[in-house]
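In order, the protein sequence lines correspond to chains A and B.
This note's numbering puts the first residue of the first sequence at 1, with every later residue one more than the last.
This note's numbering puts the first residue of the second sequence at 1001, with every later residue one more than the last.
Simulated restraints on C-beta separations:
id: 1; chain 1: B; residue 1: T1155; chain 2: A; residue 2: G106; range: 30 to 36 Å
id: 2; chain 1: B; residue 1: N1161; chain 2: A; residue 2: S102; range: 24 to 30 Å
id: 3; chain 1: B; residue 1: S1008; chain 2: A; residue 2: N59; range: 42 to 48 Å
id: 4; chain 1: B; residue 1: T1126; chain 2: A; residue 2: V57; range: 34 to 40 Å
id: 5; chain 1: A; residue 1: S65; chain 2: B; residue 2: T1078; range: 38 to 44 Å
id: 6; chain 1: A; residue 1: T33; chain 2: B; residue 2: T1082; range: 31 to 37 Å
id: 7; chain 1: B; residue 1: V1076; chain 2: A; residue 2: T55; range: 42 to 48 Å
id: 8; chain 1: B; residue 1: T1143; chain 2: A; residue 2: S65; range: 31 to 37 Å
One side only, chain B facing chain A, incomplete, derived with CB under 8 Å:
id: 9; residue: I1151
id: 10; residue: L1153
id: 11; residue: A1154
id: 12; residue: V1157
id: 13; residue: A1158
id: 14; residue: V1159
id: 15; residue: T1160
id: 16; residue: N1161
id: 17; residue: N1163
id: 18; residue: G1164
id: 19; residue: F1165
id: 20; residue: D1166
id: 21; residue: P1167
id: 22; residue: V1169
So, partial list: chain A residues that the calculated Cβ filter (under 10 Å) puts toward chain B:
id: 23; residue: I3
id: 24; residue: N21
id: 25; residue: S24
id: 26; residue: I27
id: 27; residue: N59
id: 28; residue: G61
Because the hints were derived from the structure by calculation, they are not lab data.
Glycine is no exception: its CB is placed at the ideal position from the N, C-alpha and C atoms.
Take a look at the letters that make up each chain.
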Amino acid sequence: MLINNSFTAFQNLLNLIADANPNSGVINTDQVTLSSVTVLTPTQEDSRNSQITLTAVNNNGFTGSVAVRYKRLDLGVDVNMGTQNINIGENTTMESILNHLSTTYGLVKESLQLTGSLPSSQGSTSNIVLSAVPDSILYISSKNLIASWPNEDANLLLFSTPQNSSTDLVFETPRS
Amino acid sequence: MQVNISKSPFQNLLDLVNSTNGLSIATNQVAFSAPTVTAAETFDPNTSVTVTPGVSAGYSGTVEVTYARLRLDKNVATPQTTFITNGATTLESLKTDIATALNLLESEFSISGTLPVVQNTTSQITVTSVLTSLLFVGAITVTADWPIVLIDLATAVAVTNLNGFDPVV
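Model the full structure from these sequences, guided by the hints.
Put into structure tokens, the structure is as follows:
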């Protein structure tokens, strides 16, 4: 199932459990606590890379605990953004980039972090890294991105002058 | 003699009259008036009933008999006073449970009160004998208890090898 970025990471995991156990009834976030995630080594037969233990909250519907195994998304492999480039502007912040990525690619923002620094001037670029927060329930690894602050002239050129077109513009003479 | 709930209240009282007097009066030979309270329910006797001739021949005149109607919690040696309920329990089903546990005839009592509406709560239910009961008298209070029902997580989550999250493409 797809991660739903309108839910928390916790709720997404519970949704994944419910998807595999449709007859077990709904487990709510206030009924269980989660352990830290244990890293599993995937094999050719089993791509699951994570294990986490749910433990019942006292007297709230469940008792005991259970460990489940699942696959967290590898940001470098399983999240295809099509391009590494992120165009920024004067008012762009790391937070606004994170919001943009979350909205555009359906990522759960609370599970992600951006590191690096943004370009300080027009026409320059810098490397930034999108990575899973420590102990993320949903993601592992990281993805290198390039933040580009385009030159305004370059932008204009790119917009008005597609390849193989001409800059010699001529109005047609009206027909008589 | 003990109340036999497989028989009607009338038959139970008639059995009491017959066994005490060495008689074998048939059910259609006498009728009983409504019971009259003569003393507090803890006393023996606490009730009188007038016996009159029935539709079948054999007897004339009337006679008043006195006896002790049982308090509702006295028809079993160890009365149960707490009853387990759940979301499906109704006053009707609880009444049946009470009748079974206390060895009562459902026609001889009513219950009132509000059942617990959520887990881990209790409520008090009043069990009251009907005024015209030939066998039982008074009222008692029992506890309706909706306990917490905990499901083992390992049972609820039987499938522990989950499908992974789908890639973002």
